[in-house]
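Peer 1: Starting from two chains that each stand alone, build the complex the way the hints lay out.
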Amino acid sequence: MTGRLFDKVWDRHLVASPQGEPPLLFIDLHLVHEVTSPQAFEGLELAGRPVRRPDLTLATMDHDVPTRGLDRPIADPLAAEQIARLRRNCAAHGITLHALGSIDQGIVHVIGPQLGLTQPGMTIVCGDSHTSTHGAFGALAFGIGTTEVEHVLATQTLRQTKPAAMSVTVEGDLAPGLTAKDLVLGIIRALGSGGGAGSVIEYRGAAIRALSMEGRMTVCNMSIEGGARAGLIGPDDTTFAFLEGRRHAPRGALWEQALDDWRELATEEGPVFDHEITVDAAALRPAVTWGTTPAQSVSIDDVVPEPGSFATPGQQQAAQRALTYMNLKPGTAIRDVTVDAVFIGSCTNGRLEDLRAAAQVVRGRTVHAGVRALVVPGSARVKAEAEAEGLDQHFTKAGFEWRSAGCSMCLGMNGDIIAPGERCASTSNRNFEGRQGPGGRTHLVSPAVAAATAVAGHFTLPGDL
Amino acid sequence: MPGIQRIAGRAVALERRDVDTDQIIPAAWLKRVERTGFSAGLFGAWREDPGFVLNQPGASEAKVLVGGANFGCGSSREHAVWALQDFGFQAVISPKLADIFRGNCISSGLVPVEADEDTVAAVFAALAADPAAEVVVDVAQRTLAVPAAGILAPFGLDDFARWRLLEGLDDIALTLRHADSITEYETGRAPWLPAVAPKEPAAR
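Protein sequences appear in the order of chains A and B. In this text, residue positions in the first sequence follow our numbering: the first is 567, and each later residue adds one. In this text, residue positions in the second sequence follow our numbering: the first is 24, and each later residue adds one.
So here's chain B without its partners, still in its complex pose (with noise of 0.2 Å):
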């Protein structure tokens, strides 16, 4: 995974609340077993419109979306997030993200923005006038800004979701560090806890 430090470009503004991944992309597409190949299905059942934003000039070489609150909710789907990346998007702004779809934006490298509803509704506005306005997420500053537009704004990244995304880090040769607490937390187990199957030791 390719780390990020700012991505500045075209948006798209999808002003709508509650934006589910089954909108983002539809069951039938969950049937494909590799992370690419999503982009024509997302959101496929509203590119059925012509007047749907992402059928508008431009939306094509956009690397930003503006979404309503509570963007992502619903399916765990991380699909989601790959067919977002595929269509060509590097950060997604919102005032919430749903949960799990924030955790498999920060797992995948798409950027979660999240900003107060008075940023987010400025740069919606902003959009409505200059559909072209450049917007930039700056991850290593954690501001989104729309320069036309005066917009500069703070937004909410901890320490540790910043750095795996501007270095673009494997999470699980992070967590290996500790393989040795790991082991012995396994040592600790309460003994009545239920296991699937015999533990194997030549599996491990």
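So here's chain A without its partners, still in its complex pose (with noise of 0.2 Å):
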């Protein structure tokens, strides 16, 4: 035992470690959702297996429900037998769904924190790989294949070879009006795309035990887009406080038993990394992106870079490429890019924070002529807090469509799309070609950040104004 948050979340849960085979891990949690599980429902059905845990399972639909007309039938047949399927599947395990319509129902990864499902040393998977998110508990959290769900589904258990660990410190404060989002931006261009590959980041410092559980979901949420295979980050007051009371939660004796279980897991003083990288938080500004991949940022008041910049030949094609995809100029100040549309949302950035944030900077404001602006709540509850405070009236009052939950416009599967060539200001966490829609040009931002640009027409910052 090395001290490690990473190895004690590990050691923990190792069932088997036979001769010659990668170690087989316990899964605490399992979550579902229609696009990656159809085929390993039917795999354990060939098979004739029965879902081994169906207690530490749990579905909703995310990935391509509707956000608006859910009193209607879906109207993609694709999508409406992914969904039908879902049900019948969970139906005939006893897995617990939180369906369209359920105020449970969201982004996998905003519900099961929302349920108290998500706590602190535990593992948790999903076919899906911002499953990174629920490291921000200190729990072992990634993204699996269909596959895997199979086999998580039969075993409750996966095959792991271990991950190296890697420490991204974040020192010093972040400015006033500076977010998680801009820090993952900056920790992932630090990280370079691919940096974080094979490695299960913990992330730690000032910077870190300063943002709210909202914020460090966020960052762990991005893990992937600097390849890493989970993001960590020790459990404290913020994450108990967090915790305490919502549904799944452990209560009286058993809440006081696992606090004192929880307090221990933190990293102790001086372990050693595999690799170790420190990023000044003190230097950062708000981040936009500019390229196609989630590495390829600068801070709001710089200008679009040179392919020749970058230092190896593999860098400066694939600058050259994004460049030509984004129809982006080398020297253009990122301020004066327009944009056609805004997308407030996904597992990155649809919390109640963020969309506390982006109301913030709407209130009293109109979306930019010509703008189509859009907020997706994470969850239903996400949703219906929002409204308890008002906050749709200040962006529909701006004129944002206000929808329900969903993944949306992130990855684009329900039918909220942009038309090829429009250019999107986005929360959401890939910037992948077309990943919007085909041909869509996206730029990661945060919540504030893209509530700003929305009403300028161009990206801004809200002291802009």
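Rather than coming from a laboratory, the hints here were simulated on the basis of the structure. Among the clues, some could well be false.
As the list claims (entries may be wrong) - In silico negatives: residues of chain A with every beta carbon more than 12 Å from chain B:
1. D573
2. L610
3. R634
4. V691
5. G709
6. G711
7. V718
8. P742
9. G793
10. I843
11. T844
12. P871
13. E872
14. K963
Stated by the list, open to error - Which bits of chain B does chain A cover? Going by a derived footprint, with three or more residues having C-beta under 8 Å, they are:
15. 55-66
16. 84-90
17. 95-104
18. 125-132
19. 155-169
20. 209-215
Please read these numbers as outputs of a predicted model, since none were measured by experiment. Yeah, the Cβ is synthetic: ideal placement off N, Cα and C, and Gly gets one too.
Peer 2: As structure tokens, this is what we get:
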């Protein structure tokens, strides 16, 4: 035992370490959604295998659900079939399903923490790469493929070669107005795309400690964009305060027992990591991506970079390709880039804190003429809580569309897409080519910058309005 | 899943880094509930360009795809692997495959070939000189070769993954050999750990 959080969580989940095989890890919570599960359930049925632990499995619908017209049948027959399959599969195997229309429905990585199911020291998997979100609680959480989904359904375990341990230490304080999104985009820029490959990152340092749980989730969520298997943050009083009283959090004597255990999870002073990087929070400014990987970002005060400014021929070629796709010229001020659409939502930035930050900016203002702006809460409960605070009114009065919960325009599976050639300021996690619709151009930003950009029609800060 | 000993055939060179799984199989294709039928969606957007490598003569007979670093990054969609297999690929060569993609390759029997940068650069050069050059991936020996160009290099693959690929083994059956260990582990879990629903003894 080296005293690292990662090792502590790993070691307590070892079921078997057979000679010559990767160890088997027990999975405490398996989250399931409609898109990556149908083939897994079919595989189980073909082999005549039961779901081993339906009590540790939770399903919801998020990836291709409509975000409006929920009172009508789902128009897309393929999406309707996937959703019907999930219902049938959950019913057949006794799996709890938070279906469309339920107050507990939402993006899988928003509802786990919201229900108190995501707790320190757990192992959590889901057929979705942004499962890393749950690492914000000190849980080891990572995305898996559909064959592995089937494996977890059948055995409640996963065979895993142990990844390397990386530490990302963020010292100093974020400047006022800077958010977890700006921080994680800065971290990914420092790591480079794929820089975290083969590793589990533990985020440490004063700037991480100062983040809310929502902010920590934003940081861990995007670990995968730096190539990492998972992100982790040591549980502390912020974590415990968030969890206490939630539906699935322990109560009474068990809560006290759990707290004692969770307090021992934190990495002790002085452990050695396989890789270590340090980021200075004070040096960061609001981030905007200019390219087609999340590592390709600059500060909003900067200009679109010259491909020649990158270190390797591979990076230069990638930058050139990205600029061609994004239709951007080197030297253009980021603030001069205009947008056609703004998307506020996703598992990265679709929680109440994010909607509050955006609403505060748009309150009393109007979306710029010609800009289509969308707010999609991360869960039905986030939507209800936002409405109870009147946030929806600020958005709709400003000209935003106020939608129901789902992944929506983050990946554009449900028909919420931008048109070819359109440019979108998005609070989501991926600016890949065509991610928000074929031919669409995505710039990743924080909720506050997205909101200000919707008002101005070009990239801007709330303070500039 | 059939076992794979050795793959020999044409290769397609896709000399780009950071190829994400959204490019390999666009999201619109993820609505399928089958494991097959993804071939037409493979690199759907890029294939609209007549100059794209998959549109070149011979590509449809290729068995091996050669990509740049961080190939398969992004979404965990195993559909990316199924689409590559549907098109006819049996192996993917890269200096570094993204973690989840690599795991999905082993799960579905697409051979993940991670060779060092210099070797992959040499393979790209060999294919630039002769796009029809035969590329050989030997799973048993864990070697990658382009015989006509004199390239022969090892690639990394742990013993367990190699065994699974060679034998085409069902991983669940392998794990269920340890069913007693799983049951024993389950009895010792911390009492505060959450359950989504009460445990149903009848479903066991």
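Peer 1: Confirm or reject each hint.
Peer 2: Status of each hint after checking the structure:
no. : hint    : in the structure
1   : D573    : 17 Å, holds
2   : L610    : 9 Å, violated
3   : R634    : 19 Å, holds
4   : V691    : 10 Å, violated
5   : G709    : 4 Å, violated
6   : G711    : 4 Å, violated
7   : V718    : 10 Å, violated
8   : P742    : 33 Å, holds
9   : G793    : 6 Å, violated
10  : I843    : 18 Å, holds
11  : T844    : 23 Å, holds
12  : P871    : 16 Å, holds
13  : E872    : 18 Å, holds
14  : K963    : 32 Å, holds
15  : 55-66   : holds (count 4)
16  : 84-90   : violated (count 0)
17  : 95-104  : holds (count 8)
18  : 125-132 : holds (count 4)
19  : 155-169 : violated (count 0)
20  : 209-215 : holds (count 5)
In this structure, the hints that do not hold are numbers 2, 4, 5, 6, 7, 9, 16 and 19, in rising order.
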